[in-house]
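Asks: Generate coordinates for the entire structure from the input sequences, incorporating the hints supplied.
Number of protein chains: 2
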Amino acid sequence: MNFINKLNAAWAANDSLLCVGLDPDMDRLPAQFRGTPDGIFRFCTEIIDATADLACAFKPQIAYFAALGAEGQLERISAYLRHRHPHIPLILDSKRGDIGATAKQYAREAYDRYGADAVTVSPYMGADSVEPYMEWQRGVIVLCRTSNPGGSDLQFLEVNGKPLYQHVAQLVADKWNSNGQCALVVGATFPEEIRAVRAIVGDMPLLIPGIGAQGGDIEATVRAGRTDAGTGMMINSSRAILYAAPQAGEDFAQAARRVAEETRQAINAHR
Amino acid sequence: MNFINKLNAAWAANDSLLCVGLDPDMDRLPAQFRGTPDGIFRFCTEIIDATADLACAFKPQIAYFAALGAEGQLERISAYLRHRHPHIPLILDSKRGDIGATAKQYAREAYDRYGADAVTVSPYMGADSVEPYMEWQRGVIVLCRTSNPGGSDLQFLEVNGKPLYQHVAQLVADKWNSNGQCALVVGATFPEEIRAVRAIVGDMPLLIPGIGAQGGDIEATVRAGRTDAGTGMMINSSRAILYAAPQAGEDFAQAARRVAEETRQAINAHR
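Chains as they are written, first to last, in my numbering: chain A, 1 to 271; chain B, 1 to 271.
Accuracy of the hints is not assured; some may be wrong.
Since the list gives no way to pick out one identical chain from another, each pair is judged satisfied if it fits inside one copy or across any two copies.
As the list claims (entries may be wrong) - Taking lysine to aspartate or glutamate and the EDC-like style, the derived pairs with C-alpha atoms no more than 20 Å apart in a straight line are:
1. K104 <-> D27
2. K175 <-> D228
3. K104 <-> D25
4. K175 <-> D128
5. K162 <-> E262
6. K162 <-> D217
7. K104 <-> D203
8. K104 <-> D217
9. K162 <-> D174
10. K104 <-> E250
11. K162 <-> E192
Rather than coming from a laboratory, the hints here were simulated on the basis of the structure.
Replies: Have a look at this one:
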């Protein structure tokens, strides 16, 4: 099943627009998981099992694995997700950006090695940094408007009366998405910009980081980004779920589940 | 030694502006190296030994390793280079682009895991996608103008009367390079644009892909990009050297050495 169809099915099956980000920071893992690569696998798969009926996608951030030389654990986690929860899409967040033969190697990494349903990519090198991914019939999620302070350095530069990020949205909508495989990254900290992107791209899915630990406003985000069907978004939360402070009687996975459920409900209240 | 000083020393010691790219495509390796991860290590280290006195840097492209799950071989190659040819800088070509805590994980990957002297990064997410690298006192090589057809999709958009890539050059020169650790990627296929970037960034080093297999003009590139000292560039060639067709009596490493020497001389003829 292609990424967009799989995402649509997961939105419906779990009544959820919540994407759970997997950023396993060794310094923040519960004590029983620290210090060994296998601990990363056990932590992430416990989080997956605790939240798989509440999420529309899981998004591992490859940097946390790469820094530790733990790509093998990411392979195991990906295989586990495909086996145990095959209806939930896997988004590899690697923000790759390269061209031609090199981009094809990155596509192999994402789709063949990790079995990802979609991968994040940077638009800076243009169409031929996205085109090689299309061959796989999976998803390509292009950076458009990011939620960090420096995001405006380039993305907000004015080009023909419009900020650069809107040109990126237009390029993807008009040209790069010819096979219907694309989505966009738009940060939650700028709801008016989510609205502008939504107006440009129709029903294209948006991956929206920035709620939870990064402080984005859920209501404003959902109102700005929802499609007529009340979907169209993968609203990501990573640290607020992974490292939720357990309340009385909870362990880390129960705390993660509680925060995931609260977040899902907070999103659904405004769909 | 920091990256810029090490690069200056390598330019002088080898009288060379040639950067040798390491893109080990399993389908193109000589038969004796195919099919095993160890073959990648042996191929790359034979190329390194055959060209280390002719190069100012080596630049492994991480996508080729990532596609095969061969990061362990890249660790071995990096360690080999540091041990055998410690005066030649290692540039990790990974074009990472992320922010804050995630960018810091990528910096750990590049500098701690692989021991890279410099790493390529994408500017699309702005200053806070570059800042986390600064802590390491190594090199950060920012994508500016790339040599691929789609490079113009974003980089040539006009912002205040100037193309976007010139804004990136200005941003790096004026703000991001406050510690003197930055360089820029500027493709060889547009010599006039190399000239424009050189005028903006003073003596900042430029990493210039696009000669060799990609067809860039060496004379025009060197005349456009050289500094007053006749240096300032890492002119990259990957496939033309790695997969040079052996002439009578040569093996692949001798052929690579011959092409590297020819390229070094062709560059030096115009410095």
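Asks: Between K162 and E262, at a C-alpha cutoff of 20 Å, which is it: within one copy, between copies, both, or neither?
Replies: So K162 and E262 fail the 20 Å test inside a copy (37 Å) and across (48 Å) alike.
Asks: One pair to classify: K104 and D25, alpha carbons no more than 20 Å apart. Within, between, both, or neither?
Replies: between (29 Å within a copy, 11 Å between copies)
Asks: For K104 and D203, with the copy left unspecified, which applies at a CA distance of at most 20 Å: within, between, both, or neither?
Replies: neither (27 Å within a copy, 34 Å between copies)
Asks: My question is about K162 and D174: at a cut-off of 20 Å on alpha-carbon distance, are they close within one copy, between copies, both, or neither?
Replies: within (16 Å within a copy, 24 Å between copies)
Asks: At most 20 Å between alpha carbons: which applies to K162 and D217, within, between, both or neither?
Replies: So K162 and D217 fail the 20 Å test inside a copy (25 Å) and across (36 Å) alike.
Asks: Reference check for the pair K104 and E250, CA-CA at most 20 Å: within, between, both, or neither?
Replies: Close neither inside one copy (44 Å) nor across copies (31 Å); limit 20 Å.
Asks: Regarding K104 and D27, is the shortest C-alpha distance of 20 Å or less found within a copy, between copies, in both, or in neither?
Replies: between (34 Å within a copy, 13 Å between copies)
Asks: At most 20 Å between alpha carbons: which applies to K175 and D228, within, between, both or neither?
Replies: neither (23 Å within a copy, 43 Å between copies)
Asks: Cα distance capped at 20 Å. Does K175 pair with D128 within a copy, between copies, both, or neither?
Replies: within (12 Å within a copy, 29 Å between copies)
Asks: How would you classify K162 and E192 at a CA-CA limit of 20 Å: within, between, both, or neither?
Replies: Only inside one copy: K162 and E192 sit 14 Å apart there, 27 Å across copies, limit 20 Å.
Asks: Given a CA cutoff of 20 Å, do K104 and D217 count as a within-copy pair, a between-copy pair, both, or neither?
Replies: neither (37 Å within a copy, 26 Å between copies)
The earlier numbered hints that this structure contradicts are 2, 5, 6, 7, 8, 10.
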